[in-house]
Amino acid sequence: MIRVTDLNIEFFDHERPETVVYDFDLTLHEGEIVGLVGESGSGKSMSALAIAGLLSRKDMKKRGEILFEGVNLLDCDRKTLRKFQGNEIGMIFQEPMTSLNPVKKIGWQVEEALRLHTDLSKEERKKRAIEMLQKVELHEPERVYEQYPHELSGGMRQRVMIAAAMICDPKILIADEPTTALDVTIQEQIVALLKRINQEKKTAILFISHDLSLVHQLCERVLVMKGGYVVENGSADEIFYHPKEEYTKKLIAAIPKVVRKTEKDS
Amino acid sequence: MNWKKIRKNKNFIAGSILTGIMLLLILAGCFYTPYNPNTMDPSAKFAGVSLKHLMGCDNFGRDIFSRVLSGSRTTLIVAAGTVLIGVVFGILIGALTGYYGGVLDEVLMRINDAVFAFPSILLALLFISLLGSGKYHVIIALGIAFVPSFARIVRSEFIRNKNMDYVKSAKLQGAGDFRIMFVHILPNTMTVLLSAIMIGFNNAVLAEAGMSFLGIGVQPPDASLGRMLSEAQSFLFSAPMYALFPGLTIILLVLGFGLLSDGLKNE
Amino acid sequence: MRYAGKKILTMCVTLFAVTLFVFLAFHMISGDPVTSMLGTQATPERAEALREELGLNDPVLVQYGRWAAGFLKGDMGTSYSYRMPVSEMIVDKLPVTITMTLMAFVWMILIAIPVGLYAAKHEGGVVDRIITVVNQIIMAVPPFFAGILITFVFGMIFRLFTPGGYVSYQVNTGKFVGYLFFPSLAIALPKAAMAIKLLRSSVISELKLDYVRTAYSRGNSKRSVLYRHVLKNAMIPVITFLGMALSDMIAGSIIIEQVFGIPGLGRILLTSISNRDYPVVMAVIVCIATLVLVVNMIVDVIYGLVDPRISVE
Amino acid sequence: MTENILEVTDLQVSYPVSRKTPFEKKKSIQVLKDISFTMKRGEILGLVGESGSGKTTLARSILQMIPYEGTIIRNTVQPQMVFQDPYGSLNPSQRIAWILEEPLRLKGGLSKEERVQKVKTMLQRVGLEEKILERFPRELSGGQRQRIAIAAALMLEPELLIADEPVSALDVTIQAQILALLKEIQKEMNLSILFISHDLRVVYEMCDHVLIMQLGQIRESGDVEEVYFHHKDPYTGKLLKAAGIETA
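Chains as they are written, first to last, in our numbering: chain U, 1 to 266; chain E, 1001 to 1267; chain X, 2001 to 2313; chain G, 3001 to 3248.
Hints are supplied without guarantee of correctness; some may be wrong.
[Unchecked claim] Computed, partial: chain E to chain X, Cβ under 7 Å:
(1) 1206
(2) 1210
(3) 1236
(4) 1243
(5) 1258
[Said to hold, decoys possible] Ranges between beta-carbon positions, derived for each pair:
(6) E:1192 x X:2106: 32 to 40 Å
(7) E:1174 x X:2072: 56 to 64 Å
(8) X:2240 x G:3138: 28 to 36 Å
(9) X:2118 x G:3029: 46 to 54 Å
(10) G:3124 x U:71: 52 to 60 Å
(11) E:1101 x G:3069: 21 to 29 Å
(12) G:3033 x X:2118: 54 to 62 Å
(13) X:2274 x U:105: 51 to 59 Å
(14) G:3016 x X:2002: 19 to 27 Å
(15) U:105 x X:2159: 51 to 59 Å
[What the hints assert, rightly or not] Under the rule of at most 30 Å between Cα atoms (straight-line distance), these lysine-lysine pairs were calculated in the DSBU-like manner:
(16) E:1171 x G:3120
(17) U:61 x E:1005
(18) G:3241 x U:135
(19) U:79 x U:62
(20) U:202 x G:3238
(21) G:3118 x G:3107
(22) X:2007 x G:3027
(23) E:1010 x X:2121
(24) G:3040 x E:1171
(25) U:61 x E:1004
(26) U:249 x G:3183
(27) X:2222 x U:62
(28) U:83 x X:2121
(29) G:3107 x E:1162
(30) U:257 x G:3241
(31) X:2208 x E:1162
(32) E:1004 x U:62
(33) U:104 x X:2006
(34) X:2232 x U:105
(35) G:3040 x G:3187
(36) X:2006 x G:3027
(37) X:2222 x U:61
(38) E:1162 x G:3120
(39) X:2208 x U:79
(40) U:105 x X:2208
Keep in mind that the hints were calculated from the coordinates and are not lab data. We treat Cβ as the ideally placed atom computed from N, Cα and C, and that holds for glycine.
Sequences are here, hints too, so could you generate the full structure?
Set out below in structure tokens:
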């Protein structure tokens, strides 16, 4: 459905050009959940932002192709790109705290994509927004609709982000470390929610995380990145249990194992 | 600070050069002025700009260049005194209220806010009408008017810092309150404080000039840029240069400090 | 609403503190008015009788109460030098100061908001750089020097107005406002430059925040990100500044009045300071202080309306 | 040497809630409720909980940084602390040498040379080179900063170290290094460590005993093995499941 070939991203932020993503390839099929794993500075977020069409800085050079419904998102004009953003491609971010506009009501933010991409009337938009808030398992959606971001907890905010990203039924959802800032139990709920959305709507999800064990729980396919390169690419089980690359092995070894010590000792 | 960063900081460079030149000229003016700033020479009344009189002469035939030099010195002394009072008391109040919080903070900050809400010129006018005019009264009046703005800045920096983990570890290591305040936290407020000091200089220069312009600031025989401007206003049509030079001097002084302040902020 | 009430209460408390301070300060320095009133005819008995009559033997706080109550009723005492009620003098001049300051405020907004937004939108472009440099210079111009320059350029060279040709609002309101056109510009220019700089940097720093990225990810155009998302957030610090600028301009009008020969509150204040006409000085300072506090209170309330995080606290 | 280094009995901590008007009754929120536990000398005790569970408040009351009710018996010199954010815990305006020397300066009684010598020894122990002494915290990587923070905490040779989420801000590979370092130092110095974390895997790796906290109360405590594989409290089970740890 979306095919990324040979994506290269270069920066001119400092005096010398600095490449942050090299030869990135990815194909995402309908209804699939793909994980993108790496440590900080591995280029995973950069690649995700590029796919979402959110890298537009002047000091940046991009090469390659991101093909979605026959259009190359990397070099199409902004207007075409905007038609996809929020409509066909939704995105959620790591910090639900700062990713919502602090001075706008939740309802306004959730229905924004509808306002931009459809001709629905105000009432219809509100109806859809409240339905969506209900779907992401927020209690009292009517109340939340009228609230401001600072009145919600971190987990609730991330649900609002998901509702806003999913309101136009996008074909792809890009989730950039959506659970890193949350507690484990909340994290589990959000992951379950993403899984359910994926199953119900056949939305393809690109899940970016530094947490290999979390990615293993959620994803079918995994890409491991390091220093801008994809070092390993395969099914989640394969990578988690039989890693081929040295770096992947190191990553897995760094996760503390919970194995009975009696067994370990013997 | 490293040199590479400074070289890129255009505001800082421009500000340093401008302020440097102005300060050098004013310093030189302390030891030598082409003429005595107060000597009148009827033959040179309204003399134009020439090599003899770099900025011409005023209505009494006094050399404007010499008067500008001596006036800027007065202005700078007043500004420095004002900022000194503001910074010293501002740091004390800001550090104590920010660090300890509680009732002391509530009370002092209420007063502070009340004073802060007042335009400094109005406050200075109030003090002048109580104390009478003159250089030292201006310094005290403006100094008091400037304390709240510094206290606010220092206080918010202290509040930001006191909750940081490095302060907690210093406490655990056994550092006392005063050591934490002035050895651990204060250096961390320097960037913000220096930038505020530069802005303070600016406001002090402008306020002093404004008060002298109104005739309630520095009194003769001290020359003052503001007073020169108010005298020059009467002769604006016949001798526009008389107003231009003191005015330009104020602009250059303020511009220099303003650029420095911006440069320090970006540091 | 609760928040607004709180702010009004704070304002009243501050106003009380300020007036008390002003009263006590002048009470201390003004010495004994009885001696100067009786002059050579002073005998201890007559002085004592007059003191009793004027209530000068009461405790200071009672005297303050009487003064404050009189003030509220519009009785601000009698001017020593003009021998007329202070309230009449002030009521006559207050509209001048208020009109001029409001005009300056409008100038500031009209200049600052469009230019600041334009500069932020085209950050790093040629126009933005020119604006930044010009701005930096204008900020350094003292308002009274701006006034002198304007007098010279527009008054003497282009002859667009007659310096010193002030017309009272009681005579001709149109000409009165016309004359204030340039003085208010002189007050507004340096403040407008500061507002431009603040708005520009506020918008630019808001544009770097996460919620802007979210807005783009929903398909917003640059324009709608700026106007529908960023502007309201970016205005929060600017509103604080505009409020402070307005109170500064009220005070700054004192100086500009001198430059353009406008007989407003500033003129009375200055003559009374040099004449040691304390009832007038006190009244003018309290009036200006009240104006400033009301402005601050209004700004606080607007602030609470714009930023939902404030009103909840 | 099996004496208890820390005995906490019936600890209660509450924070006052700010009142809307001065006429309202004073209210407070209880953040720690009936906390009792003991910690043995030389052990690593894990403290697990989600945000708002009161882990950090517990640490602060042990360090006597906040008022509390109940008794805390500390059979030790002043404990030291390692914080989560290794940037905030190092004074940004000072060089590393100054930061490491400061505890010794505060204690007094040592000459400049002796202090420098001690700093150098400690630097070696945490695996850093001497040239780092002239740098500022902002010039170091996250891992290096956390090593410095550990070194600074150990300068006064404490017997009890409280580590509040010391590796949460670090990448997994760096995390593994810092954990290894902490374990090594703990053995070498016979240090007792109260290890606060939200990460159940890390706690299992590091600790001998563990306390599971929720909403200001201890839900379960005991030997790590016991708690992880035979948990009695459903909340522990929920946490383990959420972390994807299979203990069946």
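Outcome of the hint check:
| no. | hint | in the structure |
| --- | --- | --- |
| 1 | 1206 | holds (5 Å) |
| 2 | 1210 | holds (5 Å) |
| 3 | 1236 | holds (6 Å) |
| 4 | 1243 | holds (5 Å) |
| 5 | 1258 | holds (6 Å) |
| 6 | E:1192 x X:2106: 32 to 40 Å | holds (33 Å) |
| 7 | E:1174 x X:2072: 56 to 64 Å | holds (57 Å) |
| 8 | X:2240 x G:3138: 28 to 36 Å | holds (30 Å) |
| 9 | X:2118 x G:3029: 46 to 54 Å | holds (49 Å) |
| 10 | G:3124 x U:71: 52 to 60 Å | holds (59 Å) |
| 11 | E:1101 x G:3069: 21 to 29 Å | holds (23 Å) |
| 12 | G:3033 x X:2118: 54 to 62 Å | holds (58 Å) |
| 13 | X:2274 x U:105: 51 to 59 Å | holds (57 Å) |
| 14 | G:3016 x X:2002: 19 to 27 Å | holds (21 Å) |
| 15 | U:105 x X:2159: 51 to 59 Å | holds (55 Å) |
| 16 | E:1171 x G:3120 | holds (23 Å) |
| 17 | U:61 x E:1005 | holds (25 Å) |
| 18 | G:3241 x U:135 | holds (24 Å) |
| 19 | U:79 x U:62 | holds (19 Å) |
| 20 | U:202 x G:3238 | holds (29 Å) |
| 21 | G:3118 x G:3107 | holds (13 Å) |
| 22 | X:2007 x G:3027 | holds (24 Å) |
| 23 | E:1010 x X:2121 | holds (22 Å) |
| 24 | G:3040 x E:1171 | holds (25 Å) |
| 25 | U:61 x E:1004 | holds (26 Å) |
| 26 | U:249 x G:3183 | holds (23 Å) |
| 27 | X:2222 x U:62 | holds (20 Å) |
| 28 | U:83 x X:2121 | holds (23 Å) |
| 29 | G:3107 x E:1162 | holds (22 Å) |
| 30 | U:257 x G:3241 | holds (14 Å) |
| 31 | X:2208 x E:1162 | holds (28 Å) |
| 32 | E:1004 x U:62 | holds (29 Å) |
| 33 | U:104 x X:2006 | holds (24 Å) |
| 34 | X:2232 x U:105 | holds (13 Å) |
| 35 | G:3040 x G:3187 | holds (14 Å) |
| 36 | X:2006 x G:3027 | holds (21 Å) |
| 37 | X:2222 x U:61 | holds (20 Å) |
| 38 | E:1162 x G:3120 | holds (29 Å) |
| 39 | X:2208 x U:79 | holds (22 Å) |
| 40 | U:105 x X:2208 | holds (21 Å) |
In terms of the numbered hints stated before, the structure departs from none.
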